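Enquirer: Residue numbers (my numbering), protein chains in the order written: chain A, 29 to 495; chain B, 106 to 329; chain C, 246 to 404.
Bear in mind the hints are in silico, worked out from the structure with no lab data behind them. All figures in this text were calculated on a predicted structure; none of them were measured in a lab. There may be inaccurate statements among the hints.
Unchecked claim - Here chain A is said to cover these stretches of chain B; the calculated rule only asks that three of the stretch's residues, wherever they fall, bring their Cβ under 8 Å from a Cβ of chain A: (1) 115-126; (2) 202-215.
What the hints assert, rightly or not - Using C-beta positions, here's what the derived DEER-type ranges look like: (3) A:P376 / B:H234: 37 to 43 Å; (4) B:H234 / A:Q329: 43 to 49 Å; (5) C:L395 / A:A103: 34 to 40 Å; (6) C:A390 / A:G106: 44 to 50 Å; (7) A:D181 / C:A328: 35 to 41 Å; (8) A:G106 / C:R380: 30 to 36 Å; (9) A:G475 / B:F190: 36 to 42 Å; (10) A:G184 / C:P299: 42 to 48 Å; (11) B:H147 / A:H346: 36 to 42 Å; (12) B:H234 / A:G475: 56 to 62 Å; (13) B:R120 / A:G475: 48 to 54 Å; (14) B:R120 / A:D310: 23 to 29 Å.
For glycine and all other residues, C-beta sits at the position ideal for the given N, C-alpha and C.
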Amino acid sequence: MIRRFGLRTRLLVVFALVTALGATAAAWSSAGTASIALVDSTQRRLTETTVNQITAHTPELIYPPDQAALDRLRAAVGGDTAVVYKNLRSADGTDVGLITDALRDAVRARNRLVAQRITANDKPWLLTGTPIMITALDGARTPSGIEVYSVHDLSGVEQQISDLTRSAAVTSALALPLAAILALVAAGSVLRPVRKLRDTARRLAAGDLDARSQPQGADELAELTVTINEMAESVQTSMAAMQRMQADARRFAADVSHELRTPLSTLTAVMEVLEGAADRMDADAKESAQLAITETGRLVQLVEDLMEVSRFDAGTAHLRVEQVDVAGAVRDCLRARGWLDRVDLVAPDAITVPLDRRRLDVIVANLVGNALRHGRPPVRVRLSASAEQVRITVSDHGPGLPEHVLPHVFDRFYKADAARTRTPGSGLGLAIALENARLHGGDLMAGNVAGGARFVLLLPRDLEETS
Amino acid sequence: MAAILLIEDDPLVRRGLQLALARHGHDVRTAETGEDGLREFHSATPDLVVLDLMLPGIDGIEVCRRIRQAGTAPVVMLTARGDDFDIVGGLAAGADDYVVKPVQPTVLDARIRAVLRRGNGVTDGVRAHRDLRIDTVALTVTLHGEQVMLTPTELRLLLTLSRAPGRVFSRQQLLEEVWEHDYLGDSRLVDNCVQRLRAKIEASPASPEYVQTVRGFGYRFGPV
Amino acid sequence: MNRIWLVLAAVLLVGCGVQPSGVTDGGEAPTGLAPGVTLYFVDADEQLTPEPRPSQRLGTIEDALSLLMSGTSNSPLHTEIRASSVPRVNVTRSPGLIQLDVPLSIYEVTPLGIDQIVCTALAVHVQSGGPRDTRVQVRFTLPTAESAKLRTCPLIKAS
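With the hints as constraints, model all of the structure from the sequences given.
Expert: Laid out in structure tokens, this is it:
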């Protein structure tokens with residue numbers, strides 16, 4: 029359950045708990061040891077006193093004793109004492125009634141001095157009992173039949189012990205705030221490097237591959253820090269290598285396209301000459317000339333699209349922003365390609381937005397061209413505007429986009445199926461359209477509606493005019 | 106139909122374009138380098154120069170600048186598309202129009218003809234505005250009585266604007282009327298030509314009197 | 246976690262004052278009780294012989310030696326200590342040693358007479374709980390080497 033709190037809180041609680049527990053245990057156990065020692069020494073002192081008093085008196089004691097002798101012995105021992113010999117008994121004090129049968133039995137069975145602690149009337153007591161022995165000349169000891177029982181009040185000792193306990197409690201209480209401070213310091217020293225590591229990891233995750241933390245000391249955290257640094261280093265190295273390779277590949281594509289342009293310029297220039305001469309050729313040569321002309325045109329388109337893509341990749345694509353009447357621009361685009369009578373254009377007048385006219389033309393031409401080629405009429409282009417953005421929707425009534433194609437529709441050279449490889453177009457059209465939309469700070473989305481595919485182009489209205 | 110000088114370093118492109126333009130009825134001379142081109146330009150005095158910007162030796166932009174200094178012969182640039190640096194430099198150096206390689210000869214021919222077309226059928230006599238006189242028949246312009254040498258494009262722009270003084274022409278309209286471009290024409294052509302025109306006819310190009318800017322819309326002819 | 250609570254409970258219990266206990270051993274019981282004292286005399290065969298005197302109590306070493314020097318009560322036994330006008334003996338007890346300052350010179354007592362004094366003193370000492378290997382030093386009034394000897398009683402063996 030403690031896992032619900034932060035590492036700092038957990039460290040703090042555990043550390044304070046352990047420290048306080050330790051202090052308490054130490055204080056209490058020392059108090060406990062002291063009180064045990066106190067009880068023991070008190071007990072020893074009392075029994076020794078009793079033995080000494082008896083021993084001092086025995087040489088003068090008449091044996092077998094009479095009542096008077098027992099009384100004298102009892103007086104010599106003093107306190108709450110009872111002296112017993114056969115039927116004779118001498119007792120003083122009310123507390124001698126506390127003597128237990130267990131003690132009496134032990135005195136008779138063991139022939140030694142015995143002691144017992146009891147609690148009675150809410151007070152602790154020490155009971156002692158001993159026989160007095162007769163020693164023969166050969167050292168043999170036999171009980172004389174005289175037994176001495178004493179009752180000692182231990183309240184004073186208990187008072188001392190409770191004083192000790194109280195001071196132990198006070199010590200423990202004093203240790204608690206000290207433990208909290210220590211815990212704070214320790215938690216801080218552990219958590220500071222952890223927090224630094226966390227910040228570093230966050231920066232790494234955010235893409236700042238230069239982020240490192242300085243390892244401190246030689247503990248596990250320092251090792252972890254070193255490991256994370258190494259990880260960042262190797263990620264950075266491979267990222268750099270990857271970026272270099274990517275840049276090389278892009279530059280290669282751009283260079284290839286560029287180099288293709290010169291021969292294509294020649295081809296384009298002479299194709300018209302060839303076309304003009306085609307009428308005078310025989311059928312095969314004429315068809316061949318037509319094929320060469322068509323394919324040259326496709327090649328030109330492909331190279332131009334590649335160049336365009338290269339510019340996006342290299343980040344050299346720039347907007348030429350001017351105030352554009354969107355409806356007019358879309359209409360111009362359709363008219364220029366002879367699509368006006370095949371497309372149902374729904375556009376409110378006078379939506380003037382700052383954008384790049386040429387790039388809008390590229391997007392709209394691509395979307396409408398696709399709709400006319402792959403979908404079925406009626407193809408509809410719908411324009412609408414809100415305060416923030418302009419929305420251009422191009423929809424058709426064809427079969428729509430297959431579900432598995434949707435995520436890849438903007439991929440470069442993506443062909444939905446092998447049969448379509450010979451359709452006109454470079455395979456870069458939608459990729460370029462999306463890049464153009466993004467260059468405007470807008471977006472292009474593909475989807476299906478009931479009865480056809482639908483592309484939605486969103487362009488912001490607050491683009492900064494640069495020219 | 107017109108005497109054209111084609112300056113292009115690649116021999117195959119040069120030959121291809123020469124063949125294609127010849128079929129459109131032009132008399133095409135060619136040059137391989139900027140130096141050769143300038144020599145040819147001075148000796149043959151072509152009606153128009155088609156100039157590749159990527160040249161060994163002195164580059165296309167410098168060649169364009171020297172041709173502009175030498176006279177009013179229009180220049181059409183050949184450029185790699187999207188190489189905006191080239192386009193901006195070429196237009197600033199005084200090119201009248203540009204086409205992007207690979208170019209279809211039909212398109213190039215249309216541009217050439219548009220650039221060369223003068224007067225545009227507007228022959229209503231002499232228009233006088235303060236110190237500026239525009240003779241729409243003789244196709245001459247004088248300022249303070251001195252003739253101003255204008256390229257065909259500059260002249261045509263001035264004629265178009267001055268046909269309706271005070272009327273605002275958008276860049277789009279001017280591109281279609283003067284350059285005969287379609288709706289995707291490059292408005293920088295207009296801006297650069299306006300600057301060149303102002304340099305020639307305005308007393309202070311920074312605060313123009315005749316060719317005025319209407320911010321956010323386009324240009325109009327003054328004074329009104 | 247349970248172990249922590251056990252330790253905690255144990256720690257708390259220890260501090261709770263004087264705990265009752267069962268019957269525990271407190272050491273040797275006191276002794277020193279006797280129906281009378283034992284004196285040592287010499288019989289006709291010159292043998293050391295104990296003679297119990299039923300005095301109802303053990304008494305001290307001083308008491309016993311005073312009785313001894315007062316002579317026998319029974320005829321078959323005799324003493325080899327010359328009767329003294331002041332039958333008073335000073336007794337000094339230290340661990341393992343009893344020193345007796347007797348009002349006699351070495352010439353007023355035979356070796357058996359010294360044994361009588363040593364045995365009588367040691368018998369009281371043993372009966373009042375003292376160890377049996379305790380040595381006895383008898384110091385005489387006139388200087389003599391006998392005063393320095395540490396003696397034992399031939400009838401009371403050390404173990």
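Enquirer: Does each hint fit the structure? Answer for all of them.
Expert: To see whether the hints hold, each was checked on the structure:
| no. | hint | in the structure |
| --- | --- | --- |
| 1 | 115-126 | holds (count 8) |
| 2 | 202-215 | holds (count 6) |
| 3 | A:P376 / B:H234: 37 to 43 Å | 41 Å, holds |
| 4 | B:H234 / A:Q329: 43 to 49 Å | 48 Å, holds |
| 5 | C:L395 / A:A103: 34 to 40 Å | 39 Å, holds |
| 6 | C:A390 / A:G106: 44 to 50 Å | 48 Å, holds |
| 7 | A:D181 / C:A328: 35 to 41 Å | 55 Å, violated |
| 8 | A:G106 / C:R380: 30 to 36 Å | 35 Å, holds |
| 9 | A:G475 / B:F190: 36 to 42 Å | 39 Å, holds |
| 10 | A:G184 / C:P299: 42 to 48 Å | 46 Å, holds |
| 11 | B:H147 / A:H346: 36 to 42 Å | 38 Å, holds |
| 12 | B:H234 / A:G475: 56 to 62 Å | 58 Å, holds |
| 13 | B:R120 / A:G475: 48 to 54 Å | 51 Å, holds |
| 14 | B:R120 / A:D310: 23 to 29 Å | 26 Å, holds |
Checked against the numbered hints given earlier, this structure breaks only hint 7.
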